[in-house]
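Here's the letter readout for the chains.
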Amino acid sequence: MMSPKHHPDEATLLSYAAGSLSAGAKLLLDCHLACCESCQRKVAQVEAFGGELLQAIPSAVMHRSIDQLLAKLDTPEQLQALQDGQANVKPHAPEWLPEWAQQLSPWLDHEQKDKDLWQRVAPGISQIRFDHERFAADKAVRLLRIAPGTCMPKHGHSGSELTLILQGSYSDETGRFCAGDVADLDPDIKHQPIADRDTPCICLIVTDAPLRFEGWIPKLMQPFFGL
Amino acid sequence: MDSRLTGATQEIAAKLPPSTESAHWNQILTSLGQQHDKQQFIALYEYFAPKVKAYLLRFTSVDAQAEELAQETLLQVWRKAHLYDASKAAASTWIFCLARNIWIDLQRSAKQRIEQNLDFYDDLSLLQEQQTVQESGGIDEPEAANLAQRSKQQIAELLRGLPALQAQLVYKSYLEGKSHSEIAADLEIPIGSVKSGLRLAFKKLQQSLGVSL
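Chains as they are written, first to last, in my numbering: chain V, 1 to 227; chain F, 1 to 213.
Take these hints with a grain of salt, some might be off.
No more than 25 Å apart at the CA atoms, straight line, and that leaves these computed lysine to any residue pairs for SDA-like [what the hints assert, rightly or not]:
hint, chain 1, residue 1, chain 2, residue 2
1, F, K152, F, D37
2, V, K5, F, G192
3, F, K80, V, A56
4, V, K72, V, M62
5, F, K38, F, L98
6, V, K154, F, P190
7, F, K38, F, E72
8, V, K113, V, G124
9, V, K139, V, C151
10, V, K72, F, K152
11, F, K38, V, L79
12, V, K113, V, A137
13, V, K115, V, I125
14, V, K5, V, S171
15, V, K72, F, I102
16, F, K80, V, L117
17, V, K113, V, L97
18, V, K190, F, K80
19, V, K72, F, P190
20, F, K80, V, E95
21, F, K204, V, Q40
22, F, K80, V, P123
23, F, K88, F, L98
24, V, K72, F, Y84
25, F, K88, F, D63
26, V, K5, F, T20
27, V, K190, V, K113
28, F, K88, V, W100
29, V, K139, F, I104
30, F, K80, V, I125
31, V, K190, V, Q80
32, V, K139, V, A44
33, V, K154, V, K113
Hints listed in this document are in silico derivations from the structure and should not be mistaken for laboratory results.
Go ahead and model the full structure; you've got the sequences and the hints to work with.
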């Protein structure tokens, strides 16, 4: 397994364990957790608190009989078939999508060619927006592809922003971010990411409030980001 | 099915100290994954389904929906028991995660969350819990009230190690399903304060629970 260097905030890990993250943030965390053992351990620790709560919670009364459910239980043979079936599912995904981020695959339109999926928003920057109603609670869930060496406009946030690097890398005031790394930014942080030079940087970005760009030229770009 | 047998299992489990009780269910779930034994499933169902339903009733006010999802959760227990690893999580934790995920998946197609202004300082929730149990009948009232009271104390006990604000943040995350920005709006505090409070709570929960893992 890889060992990412930048991780989600522990407050974000706790909310993941509690089941209270927005759908977009959860999707991003699912991908990071698939490649980060240290966050898996932390999540397991706070999930254990969920288990304790479940045991402490007052039992509700079940009105239906268990018999209906017992009749639905799969036989051992059916269970085996179920397991075999799951093992054979191979998701079809674009080559830039790493193995650990396959959970993003269902949200990509596989009917379209890869180059048509990406929508150009500014010189050197293109995006794929996830507009499904599932992400209604997020302000925006999107993939951004940034050409090598491209400098993003300096921006702050009125809400939180989560970024997961899928390919390539970028650097900003807070460090260098490579594949698997997560930048979990508080609202008060302003930053100016620059894609590193070797390969395009592809990242998943989930925001829960509109980005605020500084200066009038970047403000002109705001509509292009669709925020 | 012999319900007296499983009722007895539950009674024994209830009398065990918490750690032994927890080990008991870990063992049953492990063995269910290997043998697919219906009696063991029934024992798990009788203990966990009413708890899962109670957990889901925090998010939906529709009793029938909570019950259906609790049954769905237990069906997943049957199907996935072979994936359970007692060295990684307690049975209650594993089942909590299944219930949580089922609720998250459902919620995605429609925003079904109901507005909840209850918090655990409020006795209203205790009152409602007692009423739910009483209305349904069939259970000895003092015993049911006692159970509700005891459980509420246990939830409070779990949160007791935390300062008031952190306890409230944790409660809102786990039992009201609220995101950082929703909590910030609820409590009228900056989102940064929600995050820093939850970060501190994480450390405390890690200290109190993490040692056993």
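- Message: Taking the earlier hints as the rules, which of them does this structure contradict?
- Response: Failing hints, ascending: 1, 10, 12, 16, 18, 19, 20, 22, 25, 26, 27, 30, 31, 32, 33.
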